[in-house]
Amino acid sequence: MDLKQEVGNPTSIRITRIVKENRSCHTLYFDIPWSDCSIQPGQFIMVWIRGVDEIPMGICYHDDKEMAMTVKRVGKATEALQALQPGDYVGVRGPFGNGFTLNCKNPLLIGGGIGMAPLRYLTQPLLHVGSNVTLLVAAKTESELLLYDFENRASNNFKLKIATDDGSRGFETLATELADSLLKKNDFDRIYACGPELMMAGLLTLALDYGIPLEASLERYMKCGCGICGTCAMDPRGLMVCVDGPVFSDEQLQNIDEFGSYTRDSTGQRRPL
Amino acid sequence: MARVARKGADVVVTKSVGLEPRKGYPGPNITVSHSGLLNAVGLTNPGIDSFLDELRILKRHNIPFVISVFGRTEKEISQVARIAVEAEPSALELNLSCPHAEISQIAHSTKLTGDFVSAVKDTVSIPVFAKLTPNASDIVAVGLAAEEAGADAIVAINTVQGMKIDITQKAPVLANKVGGLSGPPIFPVAVRCIYDLYHAVSIPIIGVGGVSTWEDAVEMHLAGASAIQIGTATLRGLDVFADIQEGVEEYLVREGFSKTSEIVGLAGGN
Numbered sequence: 001m002d003l004k005q006e007v008g009n010p011t012s013i014r015i016t017r018i019v020k021e022n023r024s025c026h027t028l029y030f031d032i033p034w035s036d037c038s039i040q041p042g043q044f045i046m047v048w049i050r051g052v053d054e055i056p057m058g059i060c061y062h063d064d065k066e067m068a069m070t071v072k073r074v075g076k077a078t079e080a081l082q083a084l085q086p087g088d089y090v091g092v093r094g095p096f097g098n099g100f101t102l103n104c105k106n107p108l109l110i111g112g113g114i115g116m117a118p119l120r121y122l123t124q125p126l127l128h129v130g131s132n133v134t135l136l137v138a139a140k141t142e143s144e145l146l147l148y149d150f151e152n153r154a155s156n157n158f159k160l161k162i163a164t165d166d167g168s169r170g171f172e173t174l175a176t177e178l179a180d181s182l183l184k185k186n187d188f189d190r191i192y193a194c195g196p197e198l199m200m201a202g203l204l205t206l207a208l209d210y211g212i213p214l215e216a217s218l219e220r221y222m223k224c225g226c227g228i229c230g231t232c233a234m235d236p237r238g239l240m241v242c243v244d245g246p247v248f249s250d251e252q253l254q255n256i257d258e259f260g261s262y263t264r265d266s267t268g269q270r271r272p273l
Numbered sequence: 274m275a276r277v278a279r280k281g282a283d284v285v286v287t288k289s290v291g292l293e294p295r296k297g298y299p300g301p302n303i304t305v306s307h308s309g310l311l312n313a314v315g316l317t318n319p320g321i322d323s324f325l326d327e328l329r330i331l332k333r334h335n336i337p338f339v340i341s342v343f344g345r346t347e348k349e350i351s352q353v354a355r356i357a358v359e360a361e362p363s364a365l366e367l368n369l370s371c372p373h374a375e376i377s378q379i380a381h382s383t384k385l386t387g388d389f390v391s392a393v394k395d396t397v398s399i400p401v402f403a404k405l406t407p408n409a410s411d412i413v414a415v416g417l418a419a420e421e422a423g424a425d426a427i428v429a430i431n432t433v434q435g436m437k438i439d440i441t442q443k444a445p446v447l448a449n450k451v452g453g454l455s456g457p458p459i460f461p462v463a464v465r466c467i468y469d470l471y472h473a474v475s476i477p478i479i480g481v482g483g484v485s486t487w488e489d490a491v492e493m494h495l496a497g498a499s500a501i502q503i504g505t506a507t508l509r510g511l512d513v514f515a516d517i518q519e520g521v522e523e524y525l526v527r528e529g530f531s532k533t534s535e536i537v538g539l540a541g542g543n
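Protein sequence lines, in the order shown, are assigned to chains Z and R. For the first sequence, this note's numbering gives the first residue as 1, with consecutive numbering after it. For the second sequence, this note's numbering gives the first residue as 274, with consecutive numbering after it.
These are computed hints drawn from the structure, not numbers from a lab. A few of these clues could be false.
Unchecked claim - Computed footprint of chain Z on chain R, listed as stretches where at least three residues anywhere in the stretch have a Cβ under 8 Å from a Cβ of chain Z:
no., segment
1, 330-341
2, 355-366
3, 396-407
4, 462-472
5, 503-511
Stated by the list, open to error - No more than 16 Å apart at the CA atoms, straight line, and that leaves these computed lysine to aspartate or glutamate pairs for EDC-like:
no., chain 1, residue 1, chain 2, residue 2
6, R, K394, R, E347
7, R, K296, Z, D265
8, R, K450, R, D439
9, R, K348, R, D283
10, R, K288, R, E327
11, R, K384, R, D439
12, R, K450, R, E327
13, R, K394, R, E349
14, R, K450, Z, D53
15, R, K443, Z, D265
16, R, K296, Z, D53
17, R, K384, R, E420
18, Z, K161, Z, E151
19, Z, K159, Z, E197
20, Z, K4, R, D439
Heads up, the beta-carbon is just placed ideally off N, CA and C, and yes, glycines get one too.
Extracted from the complex, chain Z is given alone in its bound form (with noise of 0.2 Å):
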């Protein structure tokens, strides 16, 4: 038994080129690390920052040659990670978890905040086979959207919308009402979430009376990424965070107790959202 796949290959990269999306945010380039595996919208990987920890990032961008990680600074990691300059190094290990599934013609995906980033590198793959993508970006406040490269995306098949808590950009409303009311006014066959939990647990409720399946990406606590240390499983069934998502579907997220309710600190004690 090999155990190096299933621990991710660790490797250590260069970071090449990094981009400052907003006010907290910073895009951190690299070549891809690993020749012979493929990366789904929605997988991630385990970051080490060398004296300082290793931490879960989301891929936000992905090529044939070169892959991308959203970073909000919120701890240390995150804080190390935003001061790394191009030419330094960082550990990966990868890609761990399911994927966002492709199959729909009308999707509707809404990222809150940094849960924006995985629903970036999930934006293109749906484009390139042809669905018509209506994407709601939403945020506290104008400063911390995170809108990438979308505003200047001209294409018949692809529709913007912008949402923030207080009005300083978009709609001034909150990212589960203005879906609500996409919802009513469009087909949709497909919603994709990634954003505050709150927020999710609402689009849950909505994807539900709307009959339409639902797709959201989850964040607990993590250690080891790839389904030994059981950090992140989650009542009651047990299912990880790192293996059996982070994507869920609305069939799973009904039965995942936990879920919109409390998550667990880094000893395993609970905390509520």
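Go by the hints and put chain R onto chain Z.
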């Protein structure tokens, strides 16, 4: 844990739990070297009080479980043990030997091992297992000390101390630098320890260390293990429990045995 039991494990052993909530080390907590897993998680746990609530769920499902407990002192491990029995586990396993935490030295010493086992035996009335380390210079002497102190079984072995250096960044990968090696590379080490212990002690031995196939399980039984624990091999999925049980059953039938206990220690000619 309930999921593991549903997948065919007869008993589940919890991760080690201590008195207070504990974060463990920063990452990386795991890496890989020579087909083995290296980990230095650092005894992350929510503390025995919070853990009890989770364990009551297992109890409701009627899943037999063993609680692994640790403590820095005899007093502390006894305190944890006293609270742990409230969850009505089948037994307690004493982690006396996590190779990368401050408790690492207990099972290196016959005296400390005896003292810790005695302290817990004086506190609880359920079976107590002592988990030993292959990093000790004389694991058999430590096993004898555990038996003398009243241990009901020995669990052998804990992980083997090791480390991994990233040649690109020229630095140890694990945040704790040193970790515990598990998985296939430590299997022969475990077999040797169990074989030697089997000929020295009269209490049962629970074998653990690198088992990933039914052949490994049979070999470990032949060395002297009455039961077998599986950890690292679950990385490949939880079917490992059913696969091993099935393989061992078939082996027993093929070789003319009626139950596993008939092959325990058979390689020693006893």
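Practice problem: Could you tell me which of the numbered hints above are not met by this structure, giving the numbers in increasing order? | Solution: 1, 2, 3, 4, 9, 11, 12, 15, 19
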